[in-house]
Amino acid sequence: MALVEVRSVSKSFQRDTQKITVFEGVDLDVAEGEFLALMGPSGSGKSTMLNLLAGLDQPTSGTICVGGDEITQMSPKRLTAWRARHIGFVFQFYNLLPVLTAFENVELPLLLTRLSKAERREHVATALEVVGLTDRGSHYPRQLSGGQEQRVGIARAIVSDPTMILADEPTGDLDAKSADEILNLLQRLNTEFKKTIIMVTHDAKASERAQAVMHLEKGVFVR
Amino acid sequence: MKYSGLVWKNLRRNRRRTILTAISVAVALFLFVALQSVLTALAAAGNVGSESRLVTRSATGITFPLPQSYFQRLGGTEGVKGVSWGDWFGGIYIDQRNFFAQFAIDAERYLAMYPEIQVPEDQKKAFLAERASAIVGRGLMNRFGWNLGQTVVLKGTVYPGDWEITIRAVYTPGTKSFPDNVMYLRYDYVYERSNHAAEPGWYILKLDDPASAAALASRIDGLFKNSSSPTKTETEKAFQAGFVTMWGNIGFLVRAIGIAVFFAILLVAANTMMMAARERIGELAVLKALGYPNWLVSSFVLVESLVITLSGGVVGIVLARLALSRTGGPLAQFFPGFSVTTGTVMTGLGIATVLGVVSGIVPAWQAARLSVVTALRQVA
Amino acid sequence: MKIPIAYNLRSLRARPVSTIATAAGMALVVLVFVAMTSMAEGFRSALVATGSAENVLLLRKGADAEMSSAFERNAANIVSALPFVAEGPDGQRLVSPEVYVVVGLVRTAGGMANVVIRGIGPRALLVRKGIKLIDGRMFKPGSNEVIVGKTMALRFPHTTIGDQLHFAGRDWAVVGHFSAQGSAFESEVWGENEQFMPVFRGQAFQSITFRMKDPAAFPGIKKTIEAEPRLFADAHLEVEFYTGQSAALTLILKFIARFIAGIMAIGAVLGAVNTMYAAVASRSREIGVLVTLGFEPRHVLVSFVVEALLISFVGGLLGCLASIPFNGLVTSTTNFSSFSEIAFAFRVTPAILLSGLIFALVMGFFGGLLPARRAARQRPVEALREV
Chain A
-14 MALVEVRSVS KSFQRDTQKI TVFEGVDLDV AEGEFLALMG PSGSGKSTML NLLAGLDQPT
46 SGTICVGGDE ITQMSPKRLT AWRARHIGFV FQFYNLLPVL TAFENVELPL LLTRLSKAER
106 REHVATALEV VGLTDRGSHY PRQLSGGQEQ RVGIARAIVS DPTMILADEP TGDLDAKSAD
166 EILNLLQRLN TEFKKTIIMV THDAKASERA QAVMHLEKGV FVR
Chain B
20 MKYSGLVWKN LRRNRRRTIL TAISVAVALF LFVALQSVLT ALAAAGNVGS ESRLVTRSAT
80 GITFPLPQSY FQRLGGTEGV KGVSWGDWFG GIYIDQRNFF AQFAIDAERY LAMYPEIQVP
140 EDQKKAFLAE RASAIVGRGL MNRFGWNLGQ TVVLKGTVYP GDWEITIRAV YTPGTKSFPD
200 NVMYLRYDYV YERSNHAAEP GWYILKLDDP ASAAALASRI DGLFKNSSSP TKTETEKAFQ
260 AGFVTMWGNI GFLVRAIGIA VFFAILLVAA NTMMMAARER IGELAVLKAL GYPNWLVSSF
320 VLVESLVITL SGGVVGIVLA RLALSRTGGP LAQFFPGFSV TTGTVMTGLG IATVLGVVSG
380 IVPAWQAARL SVVTALRQVA
Chain C
564 MKIPIAYNLR SLRARPVSTI ATAAGMALVV LVFVAMTSMA EGFRSALVAT GSAENVLLLR
624 KGADAEMSSA FERNAANIVS ALPFVAEGPD GQRLVSPEVY VVVGLVRTAG GMANVVIRGI
684 GPRALLVRKG IKLIDGRMFK PGSNEVIVGK TMALRFPHTT IGDQLHFAGR DWAVVGHFSA
744 QGSAFESEVW GENEQFMPVF RGQAFQSITF RMKDPAAFPG IKKTIEAEPR LFADAHLEVE
804 FYTGQSAALT LILKFIARFI AGIMAIGAVL GAVNTMYAAV ASRSREIGVL VTLGFEPRHV
864 LVSFVVEALL ISFVGGLLGC LASIPFNGLV TSTTNFSSFS EIAFAFRVTP AILLSGLIFA
924 LVMGFFGGLL PARRAARQRP VEALREV
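Residue numbers (this note's numbering), protein chains in the order written: chain A, -14 to 208; chain B, 20 to 399; chain C, 564 to 950.
Isolated chain A (complex conformation):
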C-alpha cells in the first residue's frame, strides 16, 4: 500500500461569479521513502495539491489518505494535530520567524510535543547538524544568507521526525549554488534518512534530483 493515496480529487474555487477548476478527478500514489517532484507551469495547481496533502486546504471532492488516515475526513482540529505529527513543510520564502534565532525557529514544532527542554535541545542540535548549521544556532534569520535560511527551514521540517516532507519550490528564491546545496540536502535526507519527500518545483534541474517526476498538465498528472 502506498503511503499517500489520492483518489479522484477535484479542486475548484469561486472567484467573483466565475467557478475556476484547478483540477478534476486526480489520482496520485506516493510510496514510502519516495522522493517525488511535482512539476508544471505556474497556476497548474501543483502548490494547491501540496496544500491538500498537508491538510492546509480541503478538496472539493475526492479522498486523500496518508499512512492509512483519511485526512479529508478529519475535523480541522484533528487535522492540525495530525499535521504537527506527520508533516514537515519547507516554504519557498523560508518563512522563518524574524524575532527568533535559528535554534528557536527549529525548536518551534517541538514545543507542541511533550519533550523536555533537554530533549528538545538535543533534537534541534541534531537537525542543525544534519543541515550543516551547528555553529549558526544563535543567529537571527536576517544574519543568514538565503541558502542558510532555507537550510534552517529544512531543519525545522525534519526536527520532529515527520512521516513526510513537503517542499514548495524550496529553491525558487535561491541562486544556483545555494539551490544545489539545498537539493543535495534533500537528496541526502531521502537516501540516508529514508524520508519521503514531495517537492513542488518548476525547475527542471531540481526535478532531476528526484527519484520520480510527475507533470501536472491541464489538471492531469503524468508520470
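Take the hints with a grain of salt, since some may be wrong.
For each label pair, taking beta carbons as the anchor points, the in silico distance ranges come out as [said to hold, decoys possible]: (1) G241(B) <-> K703(C): 56 to 64 Å; (2) E859(C) <-> K28(B): 36 to 44 Å; (3) A790(C) <-> Q115(B): 35 to 43 Å; (4) G732(C) <-> A234(B): 22 to 30 Å; (5) V925(C) <-> I42(B): 16 to 24 Å; (6) P579(C) <-> Y22(B): 27 to 35 Å; (7) Y22(B) <-> K62(A): 17 to 25 Å; (8) R92(B) <-> G674(C): 23 to 31 Å; (9) R92(B) <-> A885(C): 55 to 63 Å; (10) P579(C) <-> R70(A): 35 to 43 Å; (11) N117(B) <-> A790(C): 25 to 33 Å; (12) L696(C) <-> A234(B): 44 to 52 Å; (13) I42(B) <-> A885(C): 54 to 62 Å.
In silico lysine-lysine, DSS-like type, Cα no more than 27 Å apart, as pairs [as the list claims (entries may be wrong)]: (14) K62(A) <-> K21(B); (15) K786(C) <-> K174(B); (16) K785(C) <-> K174(B).
Derived from the structure by calculation, the hints contain no laboratory data.
Every residue gets a Cβ at the ideal spot worked out from N, C-alpha and C, and that includes glycine.
Could you slot chains B and C onto chain A? The hints should help.
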C-alpha cells in the same frame, strides 16, 4: 511556559510600540485610580462622623442658630451623658481663596467629647487659659507654614472686624478620616467680642448607649417641636453624610469621565494589537502550517496584549499610589482621608485585564480564523 | 503641499479600522474636554447672569455673602433717599431690601439640599429686569404666597402651582413659577420680605439692591455709600459680586477639565504615534518611490504631518458633535459661596467647540511629528530595498 520566549520576543520586536502602548495604559490607569479614589473618598466622607454622638441643629436649615437655653434642656434629657456646642465662624485669612473651616467651640466640654482632636496636655491648658486663642490642625499648620504661638488675623464675615487669634495648640487627628485642617476658636471669646450676638450653630450630644440613638433623636425633636426653634437631631455620621450630598452628582460625573478614559485607551490598545497582528499574519500562518492549533496561536496574541496592558496598568497604579497616598495629594484638602485603597488597586488591575482581553480578542479571533493558504499566498 | 492631500486621504481609507480607532480615541478626549469646560462655562454664566451691571448690591461691611450680612430696617429708607438711585415709572425709587435665608429641603430625587429663600421688596421685579413669570401669578403682598424658580420647580416636590411648600415650620402657597434668563435666581423661592422677616431672622434685611440712574457713576456711588456711617455697608456691583461667587468653582472645574483631558491626551497622542509609525513603515516603499521621483524630504514630512492632522481633525469633529447634546443639560451643584444648591445648564459655546477642535489638532500634530520625521529621513535606496 515554554512558549513564553516567543511571546516575549514578539513584544520586543517593535519595542517602541509596545512601550508607547504600555505608557498610554499606565496614564489611563493613573487617571482611573485617581478618579476611583475620589469616589472612595466621597463614600468615606459620608462615613467620618461617629455613631455614638448626636448632632442637634435647627430644623429650618443648617444656617439657623439654636437658642443658648437649649443647653440645659438637652443636658437634662434622659440618655444624654454630655452636651456641648459649636458654631461656624467663617473668617477670611488674608484672601477668600485661603478658605478653611473655623469652628467656635464650647472649649472644655467640646474637647472632652472629641477624643479625635489629640492635643498635648500643656498646649490644651494654654488654649483653655487664653480666650483669643485657637487649636489648629497639623495639616492647616503646614499649609500656611504657621508656628505654635503665632498670631494670625482673621477678617470676620459673620462677626465683623479683624480677629487676632493666637495659635496655642496643634492637634493631630486621632483617626484617619478625621480632618486635620480645621481651626477651633473659643466660643466664649466670639460671644463676648460680638456683643453677645453669637448663638450655638449646633449641639453635640454624647449618649449613654449608642443603640438608643434613633429613639433619643426623635424624643429630642419632639421636645422642641412646638417651640420657635424646632430641631433636627441625627447621628453625627448621618449629619456628615448630608454634607456629601451637597457636592451634587459628582459621583456620576466622575464615573462618566472614567468610562470615557477607559474607552479612549481601549481604542489605543486595540488598535495597537490589531496593527501588531496584521503585520504578523504570515508568521501566524506559518505557525499554523507547522501544526500549531488555533487556540494556541490566538492565545499568543491575547497573552501579548495582556502583558502590555497589565505591565502598563501596574506602572500606572503604583505611580498613582505613590503620588496620591503618601502626601494625600492636592485632593486631600477637599476629601479628608483621601487614599488609594486596596480595593481601588484591585479594580485597577481588573480594568487593565479587561483592556488586555478586549484589545486582544479581535486580532486573536482573526488569528484563529486565518486561512493558512490565503495568508501564505499573500506573503509570497 | 507638494504631495497632494488626496494621497493622504486615500491612504487613510486604505486602513479604515486604524484610522477610525485613532480618531475615536481623540474624539473621546475632546468630548471630555468640551463637556467639562461647558459645565464650568454653564456654572459661570448662570452666576454672571444673576447680576446686572446697572445694579448695586449692599452687604454689611465685611460680609462676603448675603447670608452673613444684615441691615436694620431703617437702612432701606436711607438707601431710598440716596440721589443716584433710579426711579420707576410711578416715581418710586428702585430699591429692593431683601431677606435671604437658606433652608434645607428634600429633593424629588432624594437627599437634602440647601435652597435659597429670598424675601423681596415690592419693586424687586423692576430692579431686576430679567425676571418673568412664566406660569401662575405674582404673590399677593401680606399673604403667605410664594413664587418658585423654574429649575427649582423641576427638582423639588410640592412646587407645583396650588401646592403647599413647607419650610420654616409653615406652609407656603405656591402661586407662580418664574424664569430668570438661566441665572441662579431660577433655583430660588421668592416671597414677600415682610412675610419672611418674623419667621426667620427677625427685623432685619440681609441685602439691599438698587438700580443706579447712571451705571458709569458706580465708583463714586461706592465711595459715598461706604463712607455713610449709618449704613455700615460694602457696595458691590451686582454682576461683579455674582461673578466673584462663581470664580472659585469655575476655576476648579476648568482645572479638572484640563487636567483630565491633558492626561487622556497623552494616551491618545501615543496611540496616534503608533498609528503613524505603522503607516510610515507600511509605506516605506512608496516613500522611496516619492523621493526617487524628486520629492524632497520636507515634502514627505509635511505630507505625513498633514495625514496625522487629518485623523485628529476627524477625531475633533466627532468629539465636538458628540458633545453638542450636552448643551442645555441641567445639573446642579452647591455654590459654596452661598451655601446653597443651584441648578445650571451645560453651555456648549462655539468658542469651546473651537478650542476642542484645536486641542485635537495639537494632539494630531504631536502624534504625527516623530513618525513624519522618520519618513522624511528615509533614504530612497534603503526604502526600495525593503520588503
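Verification of the hints:
Evaluation of the 56 to 64 Å hint for G241(B) and K703(C) yields a failure: the beta carbon distance comes to about 35 Å. Checked against the hint of 36 to 44 Å, the C-beta distance between E859(C) and K28(B) comes to roughly 38 Å, which is consistent with it. Checked against the hint of 35 to 43 Å, the pair A790(C) and Q115(B) fails, with Cβ atoms roughly 24 Å apart. At roughly 23 Å, the beta-carbon separation of G732(C) and A234(B) lies within the given 22 to 30 Å, and the hint holds.
Between V925(C) and I42(B) the Cβ separation comes to about 19 Å, which falls inside the hinted range of 16 to 24 Å. Roughly 32 Å separates the CB atoms of P579(C) and Y22(B), a value that falls within the hinted 27 to 35 Å. At roughly 19 Å, the beta carbons of Y22(B) and K62(A) sit within the given window of 17 to 25 Å. Checking the proposed 23 to 31 Å range against R92(B) and G674(C) shows it holds: the Cβ atoms sit about 30 Å from each other.
R92(B) and A885(C) have their C-beta atoms about 59 Å apart, which keeps the hinted 55 to 63 Å range intact. Between P579(C) and R70(A) the C-beta distance comes to about 41 Å, which sits within the given range of 35 to 43 Å. One distance hint, 25 to 33 Å for the beta-carbon pair N117(B) and A790(C), holds here, with the actual separation near 28 Å. In this structure the hint that L696(C) and A234(B) lie 44 to 52 Å apart at CB holds, the actual value being about 47 Å.
Between I42(B) and A885(C) the C-beta distance comes to about 26 Å, which lies outside the given range of 54 to 62 Å. Taking the CA atoms of K62(A) and K21(B), the gap is about 21 Å. The hint holds against a cut of 27 Å. Note on K786(C) and K174(B): the hinted pairing holds, with a Cα-Cα distance of about 21 Å set against a maximum of 27 Å. Annotation: proposed proximity of K785(C) to K174(B) holds, straight-line Cα distance about 21 Å (limit 27 Å).
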